[in-house]
Amino acid sequence: MRLSQADFAEDIVANLRETKSFVTGGFRSVKGMVDALDTIEGIGLGRPICQEPFLCSHILSQKVIGSISQALDESDFGLTVAIACLQIKQMANDKQPINLGKPENVDLVTRLVAEWFQRKKGDLSGESRLTGNIG
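Residue numbers are given in this note's numbering: position 23 of the sequence shown equals residue 643, and the series is strictly consecutive.
Simulated from the structure, these hints should not be mistaken for laboratory data. There's no promise every hint is true.
Here are the simulated distance ranges between beta carbons [claimed, not checked]:
(1) 677 - 741: 12 to 22 Å
(2) 635 - 741: 37 to 47 Å
(3) 680 - 741: 36 to 46 Å
(4) 684 - 627: 15 to 25 Å
(5) 709 - 637: 38 to 48 Å
(6) 677 - 710: 40 to 50 Å
(7) 723 - 637: 42 to 52 Å
(8) 688 - 737: 43 to 53 Å
(9) 636 - 693: 31 to 41 Å
(10) 674 - 728: 15 to 25 Å
(11) 635 - 723: 36 to 46 Å
(12) 710 - 637: 22 to 32 Å
(13) 688 - 637: 29 to 39 Å
(14) 724 - 637: 14 to 24 Å
Note that the coordinates shown come from a computational prediction; the quantities given were computed from them, not determined experimentally. Just so you know, even glycine gets a beta-carbon here, dropped at the ideal spot from N, CA and C.
Please model the complete structure; the sequences and the hints are all you need to start from.
Right under this line is the structure:
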């Protein structure tokens, strides 16, 4: 059985006396975020913010009950970090991050990331860049 983020926080924080505790990773529902705040001082939202840069304001204004459910294997850390970097780059270029709630977008970006990983294997210069038409 997998522990929720709130359960994990309770197990860790129970023995801390002078430490402010934050948990990051895995938070997708507002309920899970709020439940965790019963035990810890803060939560971190990394990859969900890369997908939805206004997620926090949408949560506070009660427009959403959680982040977009992404149509990919969120436990594939290498893939999700590469995609998060790609989404940050899109925002830096005044573009909307690719919506990974759409399976066709996941297929496209997964293929592009796989091709990039292949190029990186043989590139010791550090020059290989993640490229491709993703809008």
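The hints, checked one at a time:
no. : hint                  : in the structure
1   : 677 - 741: 12 to 22 Å : 40 Å, violated
2   : 635 - 741: 37 to 47 Å : 43 Å, holds
3   : 680 - 741: 36 to 46 Å : 43 Å, holds
4   : 684 - 627: 15 to 25 Å : 23 Å, holds
5   : 709 - 637: 38 to 48 Å : 42 Å, holds
6   : 677 - 710: 40 to 50 Å : 19 Å, violated
7   : 723 - 637: 42 to 52 Å : 47 Å, holds
8   : 688 - 737: 43 to 53 Å : 24 Å, violated
9   : 636 - 693: 31 to 41 Å : 32 Å, holds
10  : 674 - 728: 15 to 25 Å : 23 Å, holds
11  : 635 - 723: 36 to 46 Å : 43 Å, holds
12  : 710 - 637: 22 to 32 Å : 43 Å, violated
13  : 688 - 637: 29 to 39 Å : 38 Å, holds
14  : 724 - 637: 14 to 24 Å : 51 Å, violated
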